[in-house]
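Here the structure of chain G is known, so what remains is to put chain A in place on it, guided by the hints.
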Amino acid sequence: MGLIPEEDAVEIRERLQGMINPVRLVHFTQELNLEYGREAEQLVRELAALSEKLSLEIYNLQIDKGKAAEYGVDKAPATVIRDDKDYGLRFYGLPAGYEFGTLLDAILSVSKGDSGLQAGSKEKLATVNQPVHLEVFVTPT
Amino acid sequence: MRLAYRFAMENDLIRADAIESAEFPELAAQYRVYAVPQTVINATAAVEGALPEAFFLDRILETLKPAATAETA
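Here the protein sequences line up with chains G and A, keeping their order.
Under our numbering, think of the first position of the first sequence as 1, with each following residue one higher.
Under our numbering, think of the first position of the second sequence as 1, with each following residue one higher.
Don't take every hint at face value.
Covered stretches of chain G (in silico footprint by chain A; criterion: 3 or more residues with CB under 8 angstroms from a CB of chain A, positions within the stretch not fixed) [unchecked claim]: (1) 77-89; (2) 101-109; (3) 118-124.
What the hints contain is simulated information worked out from the structure, not anything from laboratory work.
Just so it is clear, CB atoms sit at the ideal spot from N, CA and C, and this is done for glycine as well.
In isolation and in its complexed conformation, chain G is listed as follows (with noise of 0.2 angstroms):
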């Protein structure tokens, strides 16, 4: 029995379909996980399966140190969200419910090279010019 239903997995799939470049999902996992753990695997797994254009690495928090150091990440589970380049985004957690769509959201904004955001953000966040850390605490619901 799978995380997500057919009935999801045939909107998602066609959600996807906008994808333009392949997006790499990279999670972290770890043993003896916390609540949620072992679902988020199951989930991102199923989730990569729906499109060709999207592929996934994951990675044992413990285990693999070297690559959780590469990716700043400290806790898990954690998907990072990333095409050639790194942007940044990482999801902390199990993306369920509301946070499912913005993983979606995130998956489609970086296959498509582009934020969406209006002009002026955009030529405001060009001026930043010190490391910012967004972290944005949300529920599964």
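Relative to the frame of chain G, chain A by itself:
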């Protein structure tokens, strides 16, 4: 959350994490997150709620050091 990801795409100095708060309660407690969404900026400032794009961006930029952005106004 979608906006934070989109902001990160526009500038290599910006990175964005979505954090499922029930999964990481210690971190949520550390930042005193009582309601979601809450956006923590550089571990020091916070913006509560889901705001429209331009307003959300301005709130984030306001929290940065004055020298951080070239004034475009």
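How the hints compare with the structure:
1. 77-89: With 5 residues closer than 8 angstroms to chain A, the stretch 77-89 of chain G meets the three-residue bar; holds.
2. 101-109: holds (count 4)
3. 118-124: holds (count 6)
Comparing the model with each earlier hint shows no violations; every hint is respected.
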